[in-house]
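S.K.: Spelled out from the first residue to the last, the chains are:
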Amino acid sequence: MTVETPCPETCPELGIEVQVSEIDKELRKLWEQDEARTNASLINLVVYSEKPGSLVENSAIIRNLTVDHACRAILVEINPEVPDPTLRAWITAHCHLSNGRKSVCCEQIAFHLTGRVTGRFRNTVFSHLNSDLPLVFWWQGELSGILTERLVSVMDRLIVDSSNWADPAASFRLIEEAAQANSDLILQDHEWTRTWQFRLGVAGLFDNPAMQEALPVIDAVEICHHPKNRNAALMLLAWLAVQAGWKDRTPGGYAEFETGAGSVIRVTLAEDDRGPALVSLTVRAGDRAIRVRQRPGGDHVERWVETELCHLSSLSPADPTSDEALVGLQLNRGGQTSLFRKILPRFRRMLEANA
Amino acid sequence: MNPFREDLVARSLPEPCTVVIFGATGDLTHRKLVPALYNLAVDGELPTGVKIVGFARRDKSDGEFRDGLEKINRKVSRSGHDERVWAPFVENVFYHRSEFADADGYRRLAERLDAIDAEGGGKGNRLFYIASAPEYFDDILIQLKEAGLNQAAEGCWSRVIVEKPFGTDLATAAHLNEVVNATFEENSTYRIDHYLGKETAQNLMVLRFANAIFEPLWNSKHISHVQVTCAENLGMEGGRGGYYDKSGALRDMVQNHLLQLLSLVAMEPPTDLTADGVRDEKVKVIRSLRQWDTPEKVAENVVRAQYVAGHVDGEPVPGYRDEDRVDPESETEAYVALRLMIDTWRWSGVPFYIRMGKRLPKKSTEISVHFKDAPCVLFNSCGVGSPGGNVLVIRIQPDEGISLRMVSKIPGNSLRLEPVKMDFHYDTSFGKTSPEAYERLLLDAIAGDATLFARRDEVEEAWKFIDHIERAWHESETAPPMEEYVAGSWGPREADRLLARDGNVWRRL
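In the order they appear, the protein sequences are chains P and Z. One point on numbering: in my numbering, the residue at position 335 of the first sequence is 335, and numbering is uninterrupted. One point on numbering: in my numbering, the residue at position 189 of the second sequence is 1189, and numbering is uninterrupted.
Extracted from the complex, chain P is given alone in its bound form (with noise of 0.2 Å):
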């Protein structure tokens, strides 16, 4: 079996290697060296990941996104496959000129495990975090047993990425049950993110007059996304269904719904390898309809309304596609994402009755 390290001798993008024991004083001696620096932290960010190679890829992610978040970065990178237990540490500083005068610099501490990691990872992450600044943990990839009880009642927020996921309805079961023990756990999923600019798009679509005397009598929603983007597109779905009350013809199920009025509602999904994560929304009632729609590598997502009475378009940014981007994005908004609890149970039923 070939073993890919992090980084087989030298490792500029990493820093410095260091013991881990040493790893505070190692820091200390950092500061030290340049004293016009500022040392800026808002949250510790945990990067976790399984992939061969993460630590380097992570390492540039953080130097970009601690442009505009200060953190303490802790970057994980585990391979499980290799059964001898080994542990490597290396430091860094990212600094970004603020103003163009001061240097504002975040810390990051890279870890590279291998073998049986679960209690050895956790007190590695535990001990090096800065106190009293919240905990934000993003797990790239699949889940895995490392996600235990444990971890997640230290987080207060996890961001996971579900499109990456095999099985996503075991996925959001095993947070479910890791996160028994910490009920405030902020969770942060790409895929809810990247409905954003289409629901602020439908609400403001909602605002015509027409459109909201539509509501009781909307027969048709019609989503286009990527393939690979099916969760986006059930998510946006679970949240027209919660917010206008729509109820399951079938349990759990989402080819029909019915509006309070008893009005009969057809979903159609489809899908468009060649566009952005969601392509297009349209919800029709009769003769009126509204729209929002991203083209492939647009930047823009259009927003069009159309009633017997006048027909209305306007643009609003697109959702960032990046993994980085969108962590800045989650991080930007913060909150404690009430919207996305609420319409989870639904989206969940949706996943387990198409599992």
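Don't take each hint at face value.
To be verified - Distance condition first, Cα-Cα at most 25 Å in a straight line; then the derived BS3-like pairs of lysine-lysine:
1. Z:K1221 <-> Z:K1421
2. Z:K1221 <-> Z:K1246
3. Z:K1164 <-> Z:K1032
4. Z:K1409 <-> P:K25
5. Z:K1421 <-> P:K29
6. Z:K1409 <-> P:K29
Stated by the list, open to error - Quick look at which bits of chain Z chain P covers, simulated, 3 or more residues with Cβ under 8 Å:
7. 1032–1043
8. 1046–1057
9. 1114–1128
What the hints assert, rightly or not - Chain Z is faced by these chain P residues, among others (derived, beta-carbon under 7 Å):
10. Q243
11. R295
12. G297
13. L315
14. T337
15. F340
Hints were generated in silico from the structure; no laboratory data involved. It should be emphasised that the depicted structure is a prediction, and the values quoted were computed from it without experimental measurement. The beta carbon of each residue, even a glycine, is placed where N, CA and C say it ideally should be.
Add chain Z to chain P, keeping to what the hints say.
M.R.: Leaving out everything else, chain Z in the frame of chain P:
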């Protein structure tokens, strides 16, 4: 009720409307208002279906008006100029030519607004923004009423935003309020003070009431005094001398912006965060200001001054009376410093010092809360060389943020104490740039949230206080003198003495 709005944004919901701007050919419209609406569109915050109608006296077509706006927007827009956003945005911008007092012009405006609504599926919501010169305020409001534009159709709203100056004294403000309230209900009237739209000003309430550590200390037991400084390094460039010489620092800045900031610092916790809940508490502060109602009391507590020629940023600058469009014998103050007392239980004995000046060394607006010194025991041997008390500084502009000064031991074997600063900067702490004040305020007005706008009683109470000082300066036989300071300095010595009397000094900015 739109169910898809729920929980989407933590604020009141802006609804589609038509924004009619009076004084549409002016600087404010081109440099602030339209770029603010455009930036809201860039951020996706402007509701679909918002239209803008510029109302002014010059002859212009829609196209010429749009071209002029585009030219300036390219220069000043916070988020740059994106043709893909601008093109659909500007399609909804129109120009309406009329004299401000021409009844027929308003009848045509009403017809045009109805046509725009019919064509664009608009519901009939209207926001009138009076950004014209103040002498036209009356005409505009009276004509809006005559044309029935103050009355909204059923289920819709009609609101008015009035720009400063809101009067020049209590009498003119009260008159303007009468005219406004004869046309629009008070809850549909939005008196704009752009300082309240700034991020740090909004954060003042959060700082005080969302952090448990501050409120217990926020009183005369722990606070020695408070300073509010608004320093400008500019003078009367760009022809502003004409306006400023009729107004002066006290009326131009203190009556509105600085008293609003003061009231946010000194107010009691509101019972709720509704517009009236907050404004009820703010107006109590203004009402509790001890009135300096004789020339002697004014002389004792207020210093006014004009600058003489000096240097700012290394460049020679003229004295105030030699500035463009300023009367060479002007008696208008370019600098004012006030010592205020708020007669409430909380602030008994705590002086609040306000200073505002032109041609000071740098541009800076901030509030500093000076806490009392620790007792003179243990580390704090009082007297010469003592490191001073804690100071909480709230920077309004530029470089918005908050800092806290405290005392720390200098590393070493001896015990030496020095002040150190804990600093929070908005721009390095949060990933997004703060919106311009006008963006926030326009969106609030569209959403019907008046919290950051001044209410009638706030404006009138503030003028009542200011009028005493103006009368002492301009109508009294024993008027306090006009002091002088060198341009580029921090103001006249008399302003320093104002604080020295209480054993305080101005904070060095």
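S.K.: What are the numbers of the hints that this structure violates, sorted from low to high?
M.R.: 2, 11, 12, 14 and 15
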